[in-house]
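Enquirer: Letter by letter, the chains look like this.
2 protein chains.
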Amino acid sequence: MTSKQYQSDLQIAQAAKLKHIKDIAQSVNISDSDIEMYGNYKAKLPLELINEDKVAESNMVLVTAMTPTPAGEGKTTTSIGLSEGLNKIGKKTTVVLREPSLGPVFGMKGGAAGGGYSQVVPMEDINLHFTGDFAAIEKANNLLAALIDNNIQSKEDNLGIDPRTVEWKRVMDMNDRSLREIVSGMGGKPGGMMRETGFNITAASEIMAILCLAKDMDDLKEKMGNIYVGDTYDGKAVFAKDLNAQGAMAVLLKDAIKPNLVQTLEGNPAIIHGGPFANIAQGTNSVIATKMGMSLSDYVVTEAGFGADLGAEKFLDIKCGYSGLSPKAIVLVATVRALKYHGGQALEDLKKPNTVALVKGLENLEKHIENIKTFGLPGVVSINKFVSDTDEEIDIIVNRCKELGVKVALCEGWEKGGDGCTDLAKEVVKAVESCTTRYKPVYEWELSVKEKIERIARKIYGAKDIEFLPKAKQNLKKIERIGLNDKPVCIAKTQYSFSDDPKALGKPEKFTLTVREIEIASGAGFCIPITGNMLRMPGLPAKPAAVGMDIDNKGKITGLS
Amino acid sequence: MTSKQYQSDLQIAQAAKLKHIKDIAQSVNISDSDIEMYGNYKAKLPLELINEDKVAESNMVLVTAMTPTPAGEGKTTTSIGLSEGLNKIGKKTTVVLREPSLGPVFGMKGGAAGGGYSQVVPMEDINLHFTGDFAAIEKANNLLAALIDNNIQSKEDNLGIDPRTVEWKRVMDMNDRSLREIVSGMGGKPGGMMRETGFNITAASEIMAILCLAKDMDDLKEKMGNIYVGDTYDGKAVFAKDLNAQGAMAVLLKDAIKPNLVQTLEGNPAIIHGGPFANIAQGTNSVIATKMGMSLSDYVVTEAGFGADLGAEKFLDIKCGYSGLSPKAIVLVATVRALKYHGGQALEDLKKPNTVALVKGLENLEKHIENIKTFGLPGVVSINKFVSDTDEEIDIIVNRCKELGVKVALCEGWEKGGDGCTDLAKEVVKAVESCTTRYKPVYEWELSVKEKIERIARKIYGAKDIEFLPKAKQNLKKIERIGLNDKPVCIAKTQYSFSDDPKALGKPEKFTLTVREIEIASGAGFCIPITGNMLRMPGLPAKPAAVGMDIDNKGKITGLS
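These protein sequences, in sequence, are chains A and B. So the mapping is simple: the working numbering equals the position in the first sequence, first residue as 1, plus 38. So the mapping is simple: the working numbering equals the position in the second sequence, first residue as 1, plus 38.
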């Protein structure tokens, strides 16, 4: 095969001729002396480069998606392609993204630096340790864990923490199911107090959520000090600040707080920073990175994890709620294959044309379009084109969008890079220029946590009823006690359905959303209503990607995807 | 207090005006384009800069010590000071050192970047994540652990590993006693196979030992493939290569294999790379770093952990045995306080003059001097001067050295930097210039493991008898089976005595060394006879250093030592 689309992401990325990161910095008017280089193609950007006046003037575009298939619909690829397209039509644009987790790299899913001809590079570095941010977050998280267990162990300064109540877990950026549930502190008295605990993957750490919401180092410290770690034997809540942990944790994050500059395949600037989960956290890159991008260019394209019911809602109600940011347009990624899937086509048959399923599946897209109107922001549907899509299928989507009066464009970024995204870019510019207001929040923070959950469930998910199980009701009292009632909520729900049942495709009607329990992220400043099984420590598959990887004596890597 | 010696290490380091790392590189004839900068003061050096011809011509000086007190006798400070001194007297010198572990930084001991006016900088970076090497080693170690447990869990490609035999532990660079002994794999079938295991601190990972012995990426992969992980239910040894783990592990180490260039306080080059434990591993920086230093300058000063009975012996028999390197002189660090300690002075009284104890303690130093002669290399005793030392005490040591015909000099690097080390530097140059041969190994590798242990114990430690407990005898059979009999041995023994009893100070006589068990490090290529309790996962003290640390909004750190 010589056709370019049959090259792997890694081959395309390795074949790219990268610009020196100094040149990328210069293209956004940053001088050599203002960046901290990590090799020739990565750099840390100091927070002093954030310019609030420019942030206020710049245009942020949020890329989100319809309810995805298990393969994902290409938000990152679309974000990068759109950014290339905007630069092509003369808009100075920076794409701002999350950092990938190592877990999936060695497991099954592969990396997360875009795909095809819409990638950020150096791909290997971004997918591996990058500039060490995840490792630093991991250490900060685990330092707090060590300090908690040490406080339980030591007589001096003992806070009387009841080991049975400690909710703070350790983290590791690895798919390792055996660490999900463990007993720690064995080996008698010298080995600490025995207790049940476990590891989450690093992206699920509350430190990740906090870093991505923090304004600066002081704010980061304050938020980390507010982390709830458990209760004393007397039932008093204990926070990280009671252990004086936040200073040392912040020391560990001295570099991780700074966003990372890299480039797209076409040599445009890209900022990659932070990567919180999209279910139990806000699922989008750091506030600092977004503001940095907006300080450096006229347009910023950014994304939020999962479908718009989760990603976009949290992006607005949590990230924008805390930071004061507001997007000027929302791009909704749709694919022929996801529409057919929601219309009842089997997963293994999604490459086969089926206009009946496609038309039926449009109800999913339409509900997301309706939600974007609820947010009060202009939307653009971006059809992420696959080689198996027929013209007839594409036309059906385009025509329905026109009937609904919503802007629509094809995105061929995967195959063609920026050249495949100029139409989309033009529609996005029109949308941005039509935007006259800030987003409308789904709820006011003053509402009770219960009311906030109900509001999101009815307005965004389309739920008829909301049931709170006994544990959730109990948690509501604790939330009140800890003082989190006036903070936003971050609902953990399957990404595969508007409902809490991953098999309820399309636009489920008359369903009940069941809130099983509500967790506390008092450092990040939200609580997390849980509506399903949330796996925070994945396992490796039977054939892990790791076993196919190699590197030769010259440093050339193979088997990374 | 205005006297400069009362400033903390951190204050001195923060007050230093650092050169740009490009200028440091230039000073050893490396151009900008050949280094990979990590910020402005750290850089990775590509392996292509190693020049074997220059390695053969360059002069390596090994800094080791007499049997230390629990506070340590200042090998790192002496190494850095000596390097400054050599540069002052016109010898182009690079100091090559280990990377500090994060565990002690947040625990009690503090960092490990030298002290006073003999430090490597940027001190905060070196003591914190540095260039991410430890994090990468941790991930490579833990990826293997995840692959082992995943193989036990999966039906596909199942090797039949018996979970009860798995010896490979996970690691974390943290003092966290609660992880020392754990039960993993709880939570029923989806959570993996339940088994007893634990975490070591990252410096104790066999990956660390391997990285520090590897010649290049191919060698690193081969060694990692040879790691013994446990047995099958049929009693067959299983290695990392049976899991195809080494390729992905090496991918994770793509940057960690490259040594790190930094600078001393006086702007001379310093290379810092790797940091294996000195009991269960070779306790010295990577072979690659040493060769890099020798490629770049005429003199290299390097150190080996613990006293000379452990550090120097392993440096020669393991590191030099594998790499072909050989030092041209050995510097033996002695202190008035350690000599008094070995002469019976109580730990809390070591600042008080006591010439009787001092004279008695000299027997410890003398045994080390004798050992250096056994190695066939010229030695120089370096008296690391403390402000509490009296002239009389110093004179006693100097005179005894003269009587013994061994070179001796004061080292005042801590107080005065290079200016305090020119006498020592001159003595070292004389020693180097007098060296005409390679070191004499303590044993030939062809001897059996049992004979090798006996040889070291008698010749270096001065043991009368060597006892092998039943488990050790059993282990000897396994070593034979796995094919490690013709490899060097790395004895794990207390650093506080020549014997295996940490309370036997001075020069213990007629003692029996008891070998309890012998561990296998088949990837690193040695076995580890255990002669005492080896703590591979320390705990935090009652008052961890972490609780006194802070960083302000400008990034200025306090409380790091």
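Careful, some of the hints might be misleading.
Note that the list lumps identical chains together, so a pair holds whenever it fits in one copy or between two copies.
Okay, derived cross-link-like pairs now, DSSO-like style, lysine-lysine, Cα gap no bigger than 27 angstroms in a straight line [stated by the list, open to error]: (1) Lys253 x Lys592; (2) Lys129 x Lys92; (3) Lys57 x Lys502; (4) Lys292 x Lys60.
Hint data in this document are derived by calculation from the structure and do not stem from the laboratory.
Enquirer: Against which earlier hints does the structure fall short, listed by number upward?
Expert: Number 3 only.
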